[in-house]
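Knowing the structure of chain A, use the given hints to seat chains B and C on it.
Each chain, letter by letter, is given below.
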Amino acid sequence: MIRFDQVSKSYGRNRQVIDDLTLAIAEGEICMLVGPSGCGKTTSMKMINRLVEPDSGTVLVDGRPVNSVDPIKLRLNIGYVIQEIGLFPHMSVADNIATVPVELGWPKPRVRARVDDLLALVDLEPGLYRTKRPRELSGGQRQRVGIARALAGDPRIMLMDEPFGALDPLTRAKMQDEFLAIQEKIRKTIVFVTHDTDEALKMGDHIAVMRAGRLLQYGTPTEILRHPADTFVADLIGSRKGLKLLRLLDCGSLMRQGAAAADLPVLPARATAEQALSEMLRCGCRSVAVADASGVTLGRLDLDDLIDRVARDD
Amino acid sequence: MDFISFLVAYWPTLIQLTAEHLGIIVVAMALSLALGLVVGIAISFSPRAAAIVLGINGLLMTFPSLALFSLLVPVLGIGSAPAIAGLVVYTQLPLVRNVYTGLTGIDPALIEAAEGMGLTPLKILWKIKLPLAWPAILTGIRTATVMGIGIGAIAAYVGAGGLGVLIFQGISRNNDAMVIVGAILISAISILTDRLLARIGDRDRS
Amino acid sequence: MTDRRLSAGLKVGAYLAAAVALTLYVVEWPQDSLVARLVTFPHVLALTGQHLAIVALSSVLAILTAVPLGLMLTRDWARQWTPRVVGFVNVCQTVPSLAVVALAVGLLGIGATTAIVALWLYALLPILNNTLTGLDGVDAATLQAARGMGMRPGRVLRRIEVPLALPLIVAGVRTAVTVNIGSAILAAFVGGGGLGDLIIAGNNISRVQVVVLGAGLPMLMALIVDALFDVAAEETAG
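Chains as they are written, first to last, in numbering that gives the first Met the number 0: chain A, 0 to 313; chain B, 0 to 205; chain C, 0 to 237.
The hints are simulated quantities; they were obtained by calculation from the structure and are not laboratory data. Treat the hints loosely; a few may be bogus.
Here are the simulated lysine to any residue pairs, SDA-like style, with alpha carbons at most 25 Å apart [unchecked claim]:
| # | chain 1 | residue 1 | chain 2 | residue 2 |
| --- | --- | --- | --- | --- |
| 1 | A | K184 | A | D249 |
| 2 | A | K131 | B | I105 |
| 3 | B | K126 | A | R2 |
| 4 | A | K240 | A | Y217 |
| 5 | B | K122 | A | I185 |
| 6 | A | K184 | A | D304 |
| 7 | B | K122 | A | Y217 |
| 8 | A | K45 | B | G57 |
| 9 | A | K45 | B | L121 |
| 10 | A | K72 | A | L50 |
| 11 | A | K107 | A | S67 |
| 12 | B | K122 | A | C282 |
| 13 | C | K10 | B | G57 |
| 14 | B | K126 | A | Y217 |
| 15 | B | K122 | A | S7 |
| 16 | C | K10 | B | A50 |
| 17 | A | K45 | B | E111 |
| 18 | A | K45 | A | K107 |
| 19 | A | K131 | B | L58 |
| 20 | C | K10 | B | L58 |
| 21 | A | K131 | B | P107 |
| 22 | A | K45 | B | L124 |
| 23 | A | K45 | A | R2 |
| 24 | A | K184 | A | A211 |
| 25 | B | K126 | A | E135 |
| 26 | A | K45 | B | I105 |
Just chain A, same shape as in the assembly:
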């Protein structure tokens, strides 16, 4: 869907910001660009919507080089979310979200319906929030509107530059969960820049680790955790790899189907294996029951299975 083909970029003579980047991002995936500040992750992302032009190499979307597309047309079809959110303070929430649809020339009723749908999608009651001004919203609400605004033109691609970076840890975790739930429904191709490795591991289908303009490793969170390409990637991931691997697994996929003892703690199938382990530690038991959303028991998850699964290299 998105491809970087031997892309390089430097500012001035000695500041190479992107050094021969080749990377392919598949449709419907979240690709996390992670690395320390100044590693070129934001610059790379901005090449996709041509806010930055490469010195050499090509960026392709759907097999077409982006520099053959009018930048305005290109951007209208790519959602864009930044850390500062950049909601227009003189416009209502609805007008903010409607920006791109209006530019695309949608008829008014369609724009209005789209705004309401999106507000509902990001869990903001349309009747309550439509007419509000950005300054009346909390940080989390603002970023919800920011995401709704980026989705408004129904783009197939979304670029997100540290969208949750300015939020407090609690709100950030909540927004990450909600965004993953939204992505389940909308299945956009998302390029997500972050310097937070945990966020990358949690949100990404694939992670691209960058340093000093170079791509060090590209792989799934599990691959990166299990086989870091070099010491830099290993350091970036940090310690407690076992627990981090547990976070990538969910109870539903690890459990043994069937009945479970009635006195076991119950966890939803969506819960992470880390939560299951925590529950076991808390109650001093070696198993938890796994249930679906309506509380019907699906199966049982044992401590030994957890250990086996994390220790097993696959």
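Okay, now just chains B and C, sitting in the frame of chain A:
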């Protein structure tokens, strides 16, 4: 100093002079605002041009208005033309400066968001920058208008008419009532205009 | 800091030279005999002196009244009046200088005193305004710390409040003096003399040279004062 008899005798003249004064101000401000917006927008794209233009404007401001009006008369003739031209010159600085600071003081994140969403530079100017700069521009209009009312009074010296006539004629005829009425009328118009424009600004903000 | 002083000194020198050159040009190469008779070195010097005297006197008077008034209005016992005074001052600041001069004429008649009184009143406002803002802007925690250490109110004022507010007060004086140099031209209308006389005379006899001289000298004067205040601003900023 008999105000009452002066007012009774002169009220039609007072109304006529006030109208003349306001007419000059309105025309000059309309021209100046149009010019100031164009110049302010143009220099908002180039900090270097901005420094030069604002510098020249600042220098022009210190040129005594009396002298400028007097120099404009041979070129534009007697009447309201030199007054209007002079007022446009003097009201440029607050207008251009405020348009410029209003446009350049906008949070860069907003501009980046707008660019990233695919708004054209012209759309960004029209839908984002100008509305956001409006409070600053309005402050500039307010400063410029109030300043213009005062300077416009001086233009009466070169035959532009307006309320300054009362002051200059009053002084030369030794008519204190006339001078004071002129001063009070000019002050009142300045203060009222200032309050009015301030109120428009407050209303817009809420 | 010495760099600042040097460049200010150079600027002042250049402006002074320009003023002398401008005068020299009009005196040595007058348009015609009318100009030659009107513009002589002693005459220009006398008018410049008058101009400076009007500006200096009115400005000093304004500083001597506005600063103490500002200090008084920021004391606890006068605080209740401050907003009203600030509001009044802000309204008065929109009154044009010509109107102030005219009012002074109406009350005091013609003469240099009238001009000085008018400019004094006119210069009062920016200085008072900045004094109030400057003193109000002093961090409450700083004041509390000073009081907490046992400083008497008088000491707090002298050692803490005034030094911290000084840059703004100086900025107010700068505005007032610069504006006054321009407004002092109006003194010519009320028989107060000054460089406005040249503009009016030039206008009456329709001689551009004289008008330009009458306009150029106060302009250069304002630039010189501005350069000097650059140094003052640097010094008071600490």
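These are the hints, each one checked on the structure:
no.: 1; hint: A/K184 x A/D249; result: 19 Å, holds
no.: 2; hint: A/K131 x B/I105; result: 21 Å, holds
no.: 3; hint: B/K126 x A/R2; result: 33 Å, violated
no.: 4; hint: A/K240 x A/Y217; result: 18 Å, holds
no.: 5; hint: B/K122 x A/I185; result: 29 Å, violated
no.: 6; hint: A/K184 x A/D304; result: 31 Å, violated
no.: 7; hint: B/K122 x A/Y217; result: 39 Å, violated
no.: 8; hint: A/K45 x B/G57; result: 40 Å, violated
no.: 9; hint: A/K45 x B/L121; result: 21 Å, holds
no.: 10; hint: A/K72 x A/L50; result: 13 Å, holds
no.: 11; hint: A/K107 x A/S67; result: 31 Å, violated
no.: 12; hint: B/K122 x A/C282; result: 60 Å, violated
no.: 13; hint: C/K10 x B/G57; result: 17 Å, holds
no.: 14; hint: B/K126 x A/Y217; result: 40 Å, violated
no.: 15; hint: B/K122 x A/S7; result: 31 Å, violated
no.: 16; hint: C/K10 x B/A50; result: 19 Å, holds
no.: 17; hint: A/K45 x B/E111; result: 11 Å, holds
no.: 18; hint: A/K45 x A/K107; result: 31 Å, violated
no.: 19; hint: A/K131 x B/L58; result: 45 Å, violated
no.: 20; hint: C/K10 x B/L58; result: 15 Å, holds
no.: 21; hint: A/K131 x B/P107; result: 23 Å, holds
no.: 22; hint: A/K45 x B/L124; result: 22 Å, holds
no.: 23; hint: A/K45 x A/R2; result: 13 Å, holds
no.: 24; hint: A/K184 x A/A211; result: 35 Å, violated
no.: 25; hint: B/K126 x A/E135; result: 21 Å, holds
no.: 26; hint: A/K45 x B/I105; result: 21 Å, holds
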